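A.B. asks: Input sequences plus hints: build the corresponding full structure.
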Amino acid sequence: MSSLTEKDRPIVQLLLNTGTCPRCILRFCCVGSQTLYRCPYKDLMKDLKEFLKNNQEKEDTVCSDVVDPPCKRIRLEHTEKQPDDLNHNGALQQIPSVINENTAVENSVIEVCNVCLGILQEFCEIDFVKKVCQKVNSADYQFTSFVFSVSLPPQLSVRERAAWLLVKQEMGKLGLSLAKDDIVQLKEAYKWIIHPQLSEDLFEVSVVFAHPETDEECHFLATACPDCFKPAKNKQSVFTRMAVIKALEKIKEDDFLKHFPCPPSSPKNLCVALEIQCNNGAVFVAGRYNKYSRNLPQTPWIIDGERKLESSVEELISEHLMAKFKADSFNFSSSGREDVDVRTLGNGRPFAIELVNPRRIHFTAEEMKGLQQTINNSSDKIQVRDLQLVTREAIGRMKEGEEEKTKTYSALIWTDKAIRKEDIAFLDDIKELKLDQKTPLRVLHRRPLAVRCRIIHTMKSEYIDEHHFRLHLKTQAGTYIKEFVHGDFGRTKPSIGSLLNRTADILELDVESVDVDWPPTL
Amino acid sequence: FSQLQHNNFISCCRICVITLAEAHPLLQNGKTITSINYQISANCSRLQNKVSGKSKRGAQFLTELAPLCRISSSDGEEYTVYSCIRGRLIEVNENILSNPAILQEKPSTEGYIAVVLPKFEESKSITQGLLTQKEYEEVLLKR
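Sequences listed follow chains A and B, in order. For the first sequence, the tail end lands on 1781 under this note's numbering, and the numbers increase by one without skipping. For the second sequence, the tail end lands on 440 under this note's numbering, and the numbers increase by one without skipping.
Quick caveat, the hints were computed from the structure, so don't treat them as lab data. You may find that some hints are simply not true.
Unchecked claim - PhoX-like cross-link-like pairs, simulated, lysine-lysine; straight-line CA separation at most 25 Å:
(1) Lys-403(B) - Lys-1567(A)
(2) Lys-1741(A) - Lys-439(B)
(3) Lys-1693(A) - Lys-1567(A)
Unchecked claim - Pairwise CB distance ranges (calculated):
(4) Glu-1565(A) - Gln-336(B): 40 to 50 Å
(5) Gln-336(B) - Val-1702(A): 29 to 39 Å
(6) Phe-1685(A) - Glu-434(B): 49 to 59 Å
(7) Ser-342(B) - Pro-1559(A): 39 to 49 Å
(8) Gly-373(B) - Thr-1558(A): 48 to 58 Å
(9) Lys-421(B) - Lys-1505(A): 25 to 35 Å
(10) Asp-1563(A) - Leu-427(B): 41 to 51 Å
(11) Leu-427(B) - Glu-1565(A): 31 to 41 Å
(12) Thr-429(B) - Glu-1565(A): 34 to 44 Å
(13) Ala-398(B) - Phe-1685(A): 23 to 33 Å
(14) Thr-429(B) - Ala-1709(A): 26 to 36 Å
(15) Val-1702(A) - Ala-398(B): 27 to 37 Å
(16) Thr-331(B) - Glu-1662(A): 53 to 63 Å
(17) Leu-428(B) - Thr-1558(A): 32 to 42 Å
Claimed, not checked - From chain A, some residues computed to sit far from chain B (all C-beta separations above 12 Å):
(18) Ser-1552
(19) Gln-1632
(20) Gln-1647
Bear in mind that the values here come from a model prediction, so they are computed numbers and not experimental data. Note that the Cβ used here is the ideal one computed from N, Cα and C, for glycine as well.
C.D. replies: Structure follows, in structure tokens:
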């Protein structure tokens, strides 16, 4: 643990005179004691001033600390509680304010720090922390551990650089060097102070600071290092923190000093806390769904703001999850999908739902079962099974299921010319039938034109009557079944129509199985 | 000389398939197709149409009077099939080149001529400008 020594004196004096706050001064003196930064602002200011004053009174006082000649060390330690501080009732005694000539200065309006713009002044104090906690608690989150992220306006990097150059120069006079990395980072110091004050039970609290008054301070960097500032589509300003930091790394010291006052000027106003945002990490829920309706789309079907069909698979499942998890939004994905008029039977189709910014994240297996029951009770159009919490890898599994795994179907087929049992029997013997499927006309308006090679692994026919039969097929992922039946104007070859030498059409289609063994069966 | 454009448009989700309508001379008894040519001018062959991506970039743009192909029959007649609708040419049917018979046997399905994607803004007005089967028959009767 380091504290202020003789060599720091000129730095402290210089920075104090140019309008830098006590905590920033400690940072530039490389003071690494976290506790010190947590001391109240007033006390730190007082102690620094005493530290400086003691230099003048050096000749008059006796050095009481014999252990460290020749310089007199001032220990700026304040522990939270010391036995001596407790009065006979066990209550913490107030540290009496010292009445001396410095009091007048202490009680005057606090100057906004020319380096941190108030971040290590106002925004560490108990009032601001209370505000943050209030915001968090009112949003009613359930969480385990937290991440506190702070967003600082880019001009702070510029001011930090100017202050460093100033201090470096001063130390140079003493024959000492100061590396940029030795200085305590502003964000770090801020978090040292804030973290212990925030309850251990938070998740991600992010605070965004802005200082409109000095926003244009970093613009000079654009002329000095133009290639660091390229306009990006979605960003309001070209002067992002990263861009400013990159430019500061590039710019030469003399160039910097030409354009920016060193020491940095004293601002009139404090920083503003723009946003205090709470965010929980996303949770993933997976399961398998059955679809029993021939009139239900997988995702909402809305054209020109008008809903064409009522509800959707994803809405019927997600609405209950959203309510229970109290999330902001969801992302639904599944191992492939079926048309509006196709049923999904058998074990169902695997799906995964990402719940964004959920307020509740802890659910027992029992509760998940209950949730599954709620969904199943609410609709006879869909049913879900194996509902469970999973990790982010779920999404990868969905993709894998969609692109690689086989599916089996049952199709009710009509033919124009009459058929007999013998006419369709040969279909059962065809294995690994290769198809060339051009992008079906029915999706051509929203898909690129291409030819897909797909394989029908096996088929099994069931004769019904002269114009109807049922066909069971096992196919490669991504095969268009309807087009395989009717041929899509000859753009899918071969097709049932071409194989039977008739015009064939599909009356009904069911998905019998999606051959993915994920998520785990419960 | 008036020419009734005997074209069918089967439209589904904006995609239009252009086929010969039933009253087209080529579909009448006794006509034998001798050749189908997608090279409609020195510089333009419909066979060279290449589209890429969802928005079908690179497609040849068709106006109502753009020729799609020229078909010759054994009696020396030559017929030009026109697009009749505005839009991007997605594909022409190459199957009829190798098997002209399907043009006459299955004109509304496997014997189609071309697939066209009109501009999104124009698709509604195009569909409204078409004749229904009934209206088409009425027009034929009046001739």
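A.B. asks: For each hint, tell me whether it holds in the structure or not.
C.D. replies: Here is what the structure says about each hint:
1. Lys-403(B) - Lys-1567(A): 34 Å, violated
2. Lys-1741(A) - Lys-439(B): 40 Å, violated
3. Lys-1693(A) - Lys-1567(A): 36 Å, violated
4. Glu-1565(A) - Gln-336(B): 40 to 50 Å: 45 Å, holds
5. Gln-336(B) - Val-1702(A): 29 to 39 Å: 30 Å, holds
6. Phe-1685(A) - Glu-434(B): 49 to 59 Å: 41 Å, violated
7. Ser-342(B) - Pro-1559(A): 39 to 49 Å: 43 Å, holds
8. Gly-373(B) - Thr-1558(A): 48 to 58 Å: Since Gly-373(B) and Thr-1558(A) have Cβ atoms about 56 Å apart, the given range 48 to 58 Å holds.
9. Lys-421(B) - Lys-1505(A): 25 to 35 Å: 51 Å, violated
10. Asp-1563(A) - Leu-427(B): 41 to 51 Å: Since Asp-1563(A) and Leu-427(B) have Cβ atoms about 21 Å apart, the given range 41 to 51 Å is violated.
11. Leu-427(B) - Glu-1565(A): 31 to 41 Å: About 23 Å separates the Cβ atoms of Leu-427(B) and Glu-1565(A), which means 31 to 41 Å is violated.
12. Thr-429(B) - Glu-1565(A): 34 to 44 Å: 25 Å, violated
13. Ala-398(B) - Phe-1685(A): 23 to 33 Å: 25 Å, holds
14. Thr-429(B) - Ala-1709(A): 26 to 36 Å: 33 Å, holds
15. Val-1702(A) - Ala-398(B): 27 to 37 Å: 29 Å, holds
16. Thr-331(B) - Glu-1662(A): 53 to 63 Å: 46 Å, violated
17. Leu-428(B) - Thr-1558(A): 32 to 42 Å: 36 Å, holds
18. Ser-1552: Check passes; 22 Å lies beyond 12 Å.
19. Gln-1632: 38 Å, holds
20. Gln-1647: 36 Å, holds
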